[in-house]
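K.L.:
One letter stands for each residue in the lines below.
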Amino acid sequence: MTDVLVLISLLLVAGSATAVVAVRDPARQALVLAVLGLTLTVLFTVLQAPDVALSQLAVGSALTPLLILLSVRKVRRPGRCEGGDR
Amino acid sequence: MNVWLVTASVLLVAGFVPVVWGVATGPLGRGVAAQNLGTSVVCLAILLLSQGYDRPSYVDVALVVAVLGPVGTLVYARLLADELQDDPPHTRLFTVSVVCVTVPVVVALCLAGGPGRAAAKLVLVGVLLVVGNVIASRALTGGFSRSEVTR
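Line by line, the protein sequences give chains B and D. In case it helps, this note's numbering puts the first sequence at residues 1 to 86. In case it helps, this note's numbering puts the second sequence at residues 1001 to 1151.
Worth flagging that the hints you see were computed from the coordinates, not collected in a lab. Everything numeric in this text was worked out from a predicted model, so none of it was measured. Keep in mind that a hint or two might mislead.
[Unchecked claim] Covered stretches of chain B, as calculated for chain D (at least 3 residues, CB under 8 Å): (1) 34-43; (2) 61-75.
[Unchecked claim] Computed footprint of chain D on chain B, listed as stretches where at least three residues anywhere in the stretch have a Cβ under 8 Å from a Cβ of chain D: (3) 7-21; (4) 46-57.
For glycine and all other residues, C-beta sits at the position ideal for the given N, C-alpha and C.
Given only the sequences and the hints, what does the whole structure look like? Please build it.
P.N.:
Encoded structure:
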């Protein structure tokens, strides 16, 4: 019966991954990518791998979107000094 | 499949489908608010899963989500400040719904687990969720002055 939970998590992952690809604005893509990281966290927890879920959470839902947002800011505002971005 | 896992499934479907929809469509401010709601939904779902699978160590993942979620939202509020300033999102409904779901879930989990260190951890996660949501929604709607958010 836990297959239902696995199925729900997989469908959520598929839905949010499709949304990441479908969205065109980079800043919004970072947000949807964070949500994809959250759904993957749930999937790994359901699959009884909390350690993988923890690292996925740190990397997928926090670090990667932060890096993307910082890059988007840097690209959109050329000539801005780097100290202001940190 | 016990009642905790059923509750977690219902919470995931009812809470996360609107989150994905809200993040992918509509104004950017609503996307940030929806992402914040998503972290709260995931945190509560993992709490329920840890009780459902009878694995207390899974609460650690929920604790990390409860800490990282509002921090991430504050980062978005800082980096997307220009976009959010033009069109501040309405986060009151999200915050109220998170509080309305968090309190019964945490109370039920504490009652099921009995008093002890685990119950204290659950209460800590619940308090972090509620406080983090209030702070994050205030930051998103511009409740703090700009200098306070940006330090």
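K.L.:
Are the hints correct? Go through all of them and say.
P.N.:
How the hints compare with the structure:
By the rule of at least three residues with a Cβ nearer than 8 Å to a Cβ of chain D, the coverage given for the stretch 34-43 of chain B holds, with 6 such residues. Counting residues of the stretch 61-75 of chain B whose beta-carbon sits less than 8 Å from any beta-carbon of chain D gives 7, enough to reach three: the coverage restraint holds. Residues of the stretch 7-21 of chain B lying with their CB closer than 8 Å to a CB of chain D number 6, which satisfies the three-residue condition for coverage. With 6 residues carrying a beta carbon less than 8 Å from a beta carbon of chain D, the stretch 46-57 of chain B meets the three-residue requirement, and the given coverage holds.
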